[in-house]
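Let the sequences and hints guide you as you build the complete structure.
In the order they appear, the protein sequences are chains B and A. Just so we're aligned: the first sequence equals residues 0 to 269 in numbering that gives the first Met the number 0. Just so we're aligned: the second sequence equals residues 0 to 269 in numbering that gives the first Met the number 0.
Quick caveat, the hints were computed from the structure, so don't treat them as lab data. Please note: incorrect hints may appear among the correct ones.
What the hints assert, rightly or not - Heads up, simulated BS3-like pairs for lysine-lysine below, C-alpha to C-alpha not over 25 Å straight-line:
#1 19(A) / 198(A)
#2 77(A) / 90(B)
#3 19(B) / 58(A)
#4 80(A) / 19(B)
#5 198(A) / 261(A)
#6 82(B) / 261(B)
#7 19(B) / 90(A)
#8 117(A) / 207(A)
#9 19(A) / 90(A)
#10 2(A) / 58(B)
#11 77(B) / 241(A)
What you are looking at is a predicted structure, and each value in this text was computed from that prediction instead of being measured.
There are 2 protein chains.
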Amino acid sequence: MEKWRRSERIPIITKLLLEKPNTLLSLNYFAELFQSAKSSISEDIAIIRDVFEQFGYGKIETLAGASGGVICIPRIQKQEKIKFLRELKDKLSEENRILPGGFLYMTDIIFDVMIAQKVGEIFAEYFVDSSPQYVVTMETKGIPLALMTAKALNLPLVIIRDGGRVTEGSAVSINYVTGSSRIIRTMSLSRRALPLGSKVIIIDDFMKAGGTAKGMIELLQEFKAEVLGIGILIDTEYPEKKLVNNYYSLLRLVEVDEQERKISIKSILD
Amino acid sequence: MEKWRRSERIPIITKLLLEKPNTLLSLNYFAELFQSAKSSISEDIAIIRDVFEQFGYGKIETLAGASGGVICIPRIQKQEKIKFLRELKDKLSEENRILPGGFLYMTDIIFDVMIAQKVGEIFAEYFVDSSPQYVVTMETKGIPLALMTAKALNLPLVIIRDGGRVTEGSAVSINYVTGSSRIIRTMSLSRRALPLGSKVIIIDDFMKAGGTAKGMIELLQEFKAEVLGIGILIDTEYPEKKLVNNYYSLLRLVEVDEQERKISIKSILD
Numbered sequence: 000m001e002k003w004r005r006s007e008r009i010p011i012i013t014k015l016l017l018e019k020p021n022t023l024l025s026l027n028y029f030a031e032l033f034q035s036a037k038s039s040i041s042e043d044i045a046i047i048r049d050v051f052e053q054f055g056y057g058k059i060e061t062l063a064g065a066s067g068g069v070i071c072i073p074r075i076q077k078q079e080k081i082k083f084l085r086e087l088k089d090k091l092s093e094e095n096r097i098l099p100g101g102f103l104y105m106t107d108i109i110f111d112v113m114i115a116q117k118v119g120e121i122f123a124e125y126f127v128d129s130s131p132q133y134v135v136t137m138e139t140k141g142i143p144l145a146l147m148t149a150k151a152l153n154l155p156l157v158i159i160r161d162g163g164r165v166t167e168g169s170a171v172s173i174n175y176v177t178g179s180s181r182i183i184r185t186m187s188l189s190r191r192a193l194p195l196g197s198k199v200i201i202i203d204d205f206m207k208a209g210g211t212a213k214g215m216i217e218l219l220q221e222f223k224a225e226v227l228g229i230g231i232l233i234d235t236e237y238p239e240k241k242l243v244n245n246y247y248s249l250l251r252l253v254e255v256d257e258q259e260r261k262i263s264i265k266s267i268l269d
Numbered sequence: 000m001e002k003w004r005r006s007e008r009i010p011i012i013t014k015l016l017l018e019k020p021n022t023l024l025s026l027n028y029f030a031e032l033f034q035s036a037k038s039s040i041s042e043d044i045a046i047i048r049d050v051f052e053q054f055g056y057g058k059i060e061t062l063a064g065a066s067g068g069v070i071c072i073p074r075i076q077k078q079e080k081i082k083f084l085r086e087l088k089d090k091l092s093e094e095n096r097i098l099p100g101g102f103l104y105m106t107d108i109i110f111d112v113m114i115a116q117k118v119g120e121i122f123a124e125y126f127v128d129s130s131p132q133y134v135v136t137m138e139t140k141g142i143p144l145a146l147m148t149a150k151a152l153n154l155p156l157v158i159i160r161d162g163g164r165v166t167e168g169s170a171v172s173i174n175y176v177t178g179s180s181r182i183i184r185t186m187s188l189s190r191r192a193l194p195l196g197s198k199v200i201i202i203d204d205f206m207k208a209g210g211t212a213k214g215m216i217e218l219l220q221e222f223k224a225e226v227l228g229i230g231i232l233i234d235t236e237y238p239e240k241k242l243v244n245n246y247y248s249l250l251r252l253v254e255v256d257e258q259e260r261k262i263s264i265k266s267i268l269d
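Structure representation (structure tokens):
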């Protein structure tokens, strides 16, 4: 007789699969945990797999063989994504978000854990097939989104520091020109923060002209990193021509009218 | 007949409970989701509750009545905490972490998502009973730990900016003196980032003399915030007298011997 019933094993297996998304967990591990036959575990997993698929929560794949195991690849339903981005767009369009200079107050939103998590899951889903090894961002506002992307992909996070003041041993600094305001700034990354030749994705909250993203790419070249893609929460319609190509943004800021107190934002899914 | 079998409902309920820890979810929500009787849902939850308790994953509490619901309060087993902090201590004690000036390279560890998450869960468990409304940190290195604490408590995150350069409308800035190096610095927080009179906890990665923490408390006083507690990943044995009292730290840096290349760290649980 099995020590644990199916209905008791399933909550534990579900928790462990969700805790380590996009990571291969061996069936032996579960079999030992429950002192149970691998065939029973496989059946448990098949039930979780089928119901997760029906609820659109993601794919659970089982790999056969001696090194066999199970991997949970979270997915977000298209309908849920559309709804989420529409709500986000509405929140960001509240007129009291307009700051002097036509900037948008969005700190409360990108530091909202549930929102950051969902954005991270959307980026993870988009970039998972390119098999990145690190998620890179620049301090400060991109960090929550990048961390949640890293969590969803089960990857380490690398944070580029703003300025040259790094207290982490030898570092590489570069000067870059912010694309919109044309100010020369410095960004730095500790030598030991990223192994040479890593495959990375860049995540950030905002892009206007793309100067910061271009700077990050240049800095990453010093680490011989391969930038597989760039994920941005919100970019701007103007300037139309950015300093980087091929980035993936979820929302687009069309216009901030300080006079009329009107903000116009588009979602990529609308 | 029920539309979904118990073994199919349980993975979904488990996922939804884990996704929103420390948050009341109504039984009606689950009953509607599965078009199922509330009594069946209650039985599902009882199974998850019992097995979570046996595995030491946390408490699941059911509240009866019209506004009844279920709440998942994650717990980490003492043994697991001891093991986790011991491994962390060993990692931080690797001699190649010594930086010029007797500093410790720990960025890779605090930016490791699995580690940040576990630390966040430990802080959440410690502070949950005081019912905080916000988790506060100061950029940059404290952010991953604070975000994961906020996630575990399902609370918003507030990030104090280093320096006076804030582009988020009116802000409060204060000068503070770093406790160890006696340098005057500035930290700022946007007025709209934190409502007046909020209950908060402060999370940070490191404390030496406590100057930064003291500065944060002073800045938070400008927001009439009540600081319920301070959680620190690693503090130092010297100076023995800190500028703040009553903080909770998980590890203590006893000594960094640059000559002998030796690092000595204690865990609060050893």
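To see whether the hints hold, each was checked on the structure:
1. 19(A) / 198(A): holds, 20 Å
2. 77(A) / 90(B): Answer violated: residue 77(A) to residue 90(B) is near 42 Å, above 25 Å.
3. 19(B) / 58(A): Satisfied, since the Cα-Cα distance of roughly 21 Å is no more than 25 Å.
4. 80(A) / 19(B): holds, 18 Å
5. 198(A) / 261(A): violated, 40 Å
6. 82(B) / 261(B): At roughly 22 Å apart (the allowed maximum being 25 Å), residue 261(B) and residue 82(B) satisfy the hint.
7. 19(B) / 90(A): OK: residue 19(B) and residue 90(A) at ~21 Å, within 25 Å.
8. 117(A) / 207(A): Holds, because 23 Å separates the two Cα atoms, which is no more than 25 Å.
9. 19(A) / 90(A): violated, 31 Å
10. 2(A) / 58(B): holds, 22 Å
11. 77(B) / 241(A): violated, 52 Å
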